[in-house]
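Once you've looked at the hints, dock chain X against the given chain Y.
Going down the list, the sequences are from chains Y and X. Residues 1 to 227 (this note's numbering) are what the first sequence spells out, left to right. Residues 1 to 201 (this note's numbering) are what the second sequence spells out, left to right.
Don't read these hints as lab results, they were simulated from the structure. Warning: the hint list may mix true and false statements.
[Unchecked claim] Dumping the calculated DMTMM-like pairs for lysine to aspartate or glutamate here, alpha-carbon to alpha-carbon at most 25 Å:
id, chain 1, residue 1, chain 2, residue 2
1, Y, Lys-77, X, Asp-192
2, Y, Lys-208, X, Asp-192
3, Y, Lys-220, Y, Asp-199
[Claimed, not checked] Partial list, computed: chain X residues near chain Y (C-beta under 7 Å):
id, residue
4, Tyr-8
5, Thr-12
6, Thr-114
7, Glu-189
8, Ala-193
Note that beta-carbon positions come from the ideal geometry of N, C-alpha and C, so glycine has one too.
Read off the chains here:
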Amino acid sequence: MLISVTGVTHTYPGRPVPVLRDVDVVLDEQRIGVIGANGSGKSTFVRLLNGLVVPSSGSVTIDGLDTSRQGREIRRKVGFCFTDPDSQIVMPTVAEDVAFGLRRRGLTKDERASRVKGILSEYALDQHADHAAHLLSGGQKQLLALASILVTEPALLVMDEPTTLLDLRNTKMVAQLVADLPQQVVLVTHGLELLTDFDRVLVFDEAKLVHDGAPAESIKLYRDLMT
Amino acid sequence: MTTTIGLYRSGTSVLHRLPAGIKLSTLVVAGFCSILVRTPAQTAAALVVVVLGYAAGGIPLPLLWQTLRPLLWVVVPLAAFQVIVMGWVRAAVIVGVIVALVLLAGLVTLTTRTSDLVDVIVRLSRHLRFLGVSPERIGLMLNLAIRGVPLVIELAESIRDAQHARGQVVSPRAFAVPLIVGALRRADEMGDALAARGFDD
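The shape of chain Y in the complex, shown without the other chains (with noise of 0.2 Å):
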């Protein structure tokens, strides 16, 4: 998908400086990554990519659909991830979280079932299927987050650091996830190590995109803002 993002600023409400300011790109790569410090602004960044957050000024398209006017054609390609899985998690069991998504697509119920039942089988969540989600592991949480956006079958999925809470272990699964995905992928991460074979990745620092390019300059750069 090609993402375009044009003279956007943007300020919160009831904020005197804005989160964002001038940003000029357009991606289309396989793999991009979002790095920078807390606050620097790449969390606002990627959510302006489904319409998440409608900037001030400037404009963002997402394969030409503009997302302050056409959120919701938006939000049916463009699949987010939040870093806290139990923000995402938004039905009391597993499966029924699954399936949520997939209300307002025109499936039937049988269609619907045998979706819910391929992607709990892919995550190995299918013995979990009717457990409560708050009784999940940190990681299963976050499988179970990510399985609930890829059944939707999204063309570009943002990911808004997903492997912040997890350990090492988690981690690891989360990357090996998410490198082995056919779908276009924005990942804001502070795990550096996990963008090594992105195509792209951008620096963000004081609310401005300081720096975009390949990863070994980027995170040079990035190491060298934070000293």
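Frame of chain Y; chain X shown alone:
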């Protein structure tokens, strides 16, 4: 830090296969009929039927106890009060009926998926469309409420742990303020998650 809220036990028993509407109707009818129970023998019969229901549903006895345990805070003082005021016969009937109804409600939730229970309520609320009621919204609201209970309990437990770790004396205000702020923040995040999944209207 786990709760038993929304605990469905998967299974293939007759009770599991029974439509959710029938189980909910039985619960409602049992509630109305409970006012007809007058003697300890009738109360004991009701309790035996409910316990047999647990056996028929393949529900282990510890789960029956788990359902009953939180009720002790209410029924024990109530039983003592009724014994003093109305005598032991009336106390046994009142407490026995309450226990039987709570266990029956527990049996329904243990053998019925939450989604099936919510679907029944959504189907019933379709009859209220003429009042502007949206059944889909009611279903979503119920599911979010059920999902929210363990989250708020976990939040409360973490606030209590943090207070203990800092050696603070339990203070209602120091507990309530972070609980309310945390719950509102969580609600905000869930709103974002709903919007991100296409439920933004």
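Hint check results:
no.: 1; hint: Y:Lys-77 / X:Asp-192; verdict: holds (16 Å)
no.: 2; hint: Y:Lys-208 / X:Asp-192; verdict: holds (24 Å)
no.: 3; hint: Y:Lys-220 / Y:Asp-199; verdict: holds (16 Å)
no.: 4; hint: Tyr-8; verdict: holds (6 Å)
no.: 5; hint: Thr-12; verdict: violated (12 Å)
no.: 6; hint: Thr-114; verdict: holds (5 Å)
no.: 7; hint: Glu-189; verdict: holds (4 Å)
no.: 8; hint: Ala-193; verdict: holds (4 Å)
Of the numbered hints given earlier, the model fails hint 5 alone.
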